[in-house]
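J.: Below, each chain spelled out in residue letters.
There are 2 protein chains.
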Amino acid sequence: MKAIVVNQPGGVEQLQFRDFPKPKLQVGELLIKVKASAINRSDIIAREGKSNYLKTPILGIEVSGEVVEAASGTNIEVGTRVMGLVNGGGYAEYVVLPADRAIKIPDSLSFEEGAAIPEVFLTAYQTLFWLGELTHQDTVLIHAGGSGVGTAAIQLAKQMTQAKIITTAGSQDKLDFCRSLGADICINYKEQSFEEEVLKSTNNQGVDVILDFIGASYWERNLKSLKTDGRWIMIGILGGAEVNKMNIIELLQKRVQLKATLLTPRSDEYKKELTKEFVQKAMPLFNQNKMKAVVDQIFRFEDIQNAHKRMEANKNLGKIIIRVNK
Amino acid sequence: MKAIVVNQPGGVEQLQFRDFPKPKLQVGELLIKVKASAINRSDIIAREGKSNYLKTPILGIEVSGEVVEAASGTNIEVGTRVMGLVNGGGYAEYVVLPADRAIKIPDSLSFEEGAAIPEVFLTAYQTLFWLGELTHQDTVLIHAGGSGVGTAAIQLAKQMTQAKIITTAGSQDKLDFCRSLGADICINYKEQSFEEEVLKSTNNQGVDVILDFIGASYWERNLKSLKTDGRWIMIGILGGAEVNKMNIIELLQKRVQLKATLLTPRSDEYKKELTKEFVQKAMPLFNQNKMKAVVDQIFRFEDIQNAHKRMEANKNLGKIIIRVNK
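Top line first, the protein sequences correspond to chains A and B. Residue 193 in this note's numbering sits at position 193 of the first sequence, with consecutive numbering throughout. Residue 1199 in this note's numbering sits at position 199 of the second sequence, with consecutive numbering throughout.
Rather than coming from a laboratory, the hints here were simulated on the basis of the structure. Owing to the predicted nature of the structure, the values given are computational and were not obtained by experimental measurement. It is possible that part of the hints are untrue.
[As the list claims (entries may be wrong)] Computed list of lysine-lysine pairs in DSSO-like fashion (alpha-carbon distance at most 27 Å, straight line): (1) Lys55(A) to Lys104(A); (2) Lys254(A) to Lys1272(B); (3) Lys1254(B) to Lys224(A); (4) Lys1224(B) to Lys55(A).
[Unchecked claim] Derived DEER-like restraints, expressed as beta-carbon distance ranges: (5) Glu220(A) to Ser1267(B): 24 to 30 Å; (6) Thr1228(B) to Pro284(A): 30 to 36 Å; (7) Lys1002(B) to Ser193(A): 27 to 33 Å; (8) Lys1200(B) to Asn287(A): 52 to 58 Å; (9) Asn287(A) to Ile1249(B): 43 to 49 Å.
Ideal Cβ placement from N, Cα and C applies to all residues, glycine included.
So here's chain A without its partners, still in its complex pose (with noise of 0.2 Å):
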């Protein structure tokens, strides 16, 4: 089968197409004829070689796809269409998935929207409730909105709490299309000091939660703009990764959480009960047209490399798919 590997670290020439035999089977897992498969900002870091999460060369989180073999311990038909979270190899003709992880794609979606749904709902899930406790009296700060996480963030808050949605973007375009989701404030990066607003929208109090893809450069920004008891989720370094003065007594007067979290390199077990709870609490809002996968732009698998290109310019709104079998 055809699957993309990384020649050696670097940018995107570095993506290439190698053969490699099916994989094989253990109990429990399911062999996926892969139909999409998405980009994520961490498929970038394992390319330039500064990750090693993934145990397979083949990059590639989460697919879309048939199920074309099923292992003991499975209960899941040939046949059937799915997606999910893989350990590694997803941009391939073929991907094993656990199939504890696989959720079956509603009916009124295409692959491609399947694709773009696993990574970024379940981190948003995790991300939002798991670890930030949004309650329907909270008010959340989610930003880059218009990213694939923040499109999903703003759904799953709208749709299952009554919190208040602020959200930041860089363009008027981006943060039309957060307000269609649901957010009910919407700062555009650029032209706004998001914190004065931030501020100015929930009496000075400040969020109960932030979503923080930023990192570095908007420490003191976010620090400014989190109420006190409020939950700060760290999930990626967009900003920076280096802050270069930190202050304990600020975080100790506003008593602040800071929770710092990667969905990748948790375990099988927890990406299993994450997926068991997605499936059964986020899934059904599929199926009412009340969510829907935010797809960007669909490449051809022999694309990968422009694929990867438009995610570093950061010009998604949205998912990036791979189509790979047809």
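With chain A held as given, fit chain B onto it using these hints.
T.: Chain B alone, transformed into the frame defined by chain A:
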């Protein structure tokens, strides 16, 4: 009645006696004839003018004493021996104590021992269990093992869980005492590199929970000592507040949960709930002589300045107490 106020922000010489009328009660409150009050680091910070949580000019956040008057909405009899957290005013002959925060003093304990319990045991309980989510399988690192909160935390962790307890202190006396309270591994931070010892004794995994009273000067070393998915509970800044360089990638890779907390500025409701759970789950251990109040030294009311000096010199092993009414 006689009470201690701060003349103007500054050193111990600013602690002065002044006459006040006895406080008046509102619904749900008890008037306590104060037998003993305890010194807390937050009293020193308040004396220096660096915090202003309290609405009364009288210092002191915990007392033991006798109920001499009970307003409506209380169900504790006059004459009962109680201890508890007050909203300031504890360095005085009489003080108001909300009835839902009054803890009956076991017969086996003196008033001086009673005054040594509320703040440190409630703080230790809150940080170990509510924020630290300590389990039987966990390992906990308790810094400043000889301090008031340190000695309370070692006992609570030992008596209420099967967690492995690692502690640090700066003298052999303190370490021996920590061991007698139940600490499994006792590290002299002046002679050993605590993070190396922690890694050595946890198979290089690090600990699940850190109680951090130290702050900036231990930042990197605490981060090294923490296990993936660990909870790092920040409750003090004995080692300074300013961290000069912090790398968010390290937080992400370990999926650190950094939770900063203070007890005194929290709401009446929070203190009520914390007290209630503590009374139910931990107080029986005092009755069974499995836990003890750790009294360092008892000063006369008039000797308040020396009591503050002793804490500022970090000489105490356990709580510094002032005896108020006989």
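J.: Would you mind marking each hint as holding or not holding in the structure?
T.: Now the hints, each set against the structure:
Taking the CA atoms of Lys55(A) and Lys104(A), the gap is about 26 Å. The hint holds against a cut of 27 Å. With a C-alpha separation of about 20 Å, the suggested pairing of Lys254(A) with Lys1272(B) holds against the 27 Å cut-off. About 25 Å separates the Cα atoms of Lys1254(B) and Lys224(A), which keeps this hinted pair within 27 Å; it holds. Taking the CA atoms of Lys1224(B) and Lys55(A), the gap is near 25 Å; set against the 27 Å cutoff, the hint holds.
Taking the beta carbon of each, Glu220(A) and Ser1267(B) are about 27 Å apart, inside 24 to 30 Å as hinted. Remark: the range hint 30 to 36 Å for Thr1228(B) to Pro284(A) is upheld by a beta-carbon distance near 33 Å. A hinted range of 27 to 33 Å for the beta carbons of Lys1002(B) and Ser193(A) is inconsistent with their spacing of about 51 Å. Against the hinted window of 52 to 58 Å, the Cβ-Cβ separation of Lys1200(B) and Asn287(A) comes to about 53 Å, which satisfies the hint.
Separated by about 39 Å at the C-beta atoms, Asn287(A) and Ile1249(B) break the suggested range of 43 to 49 Å.
When held up to the earlier numbered hints, the structure conflicts with 7, 9 and fits the remainder.
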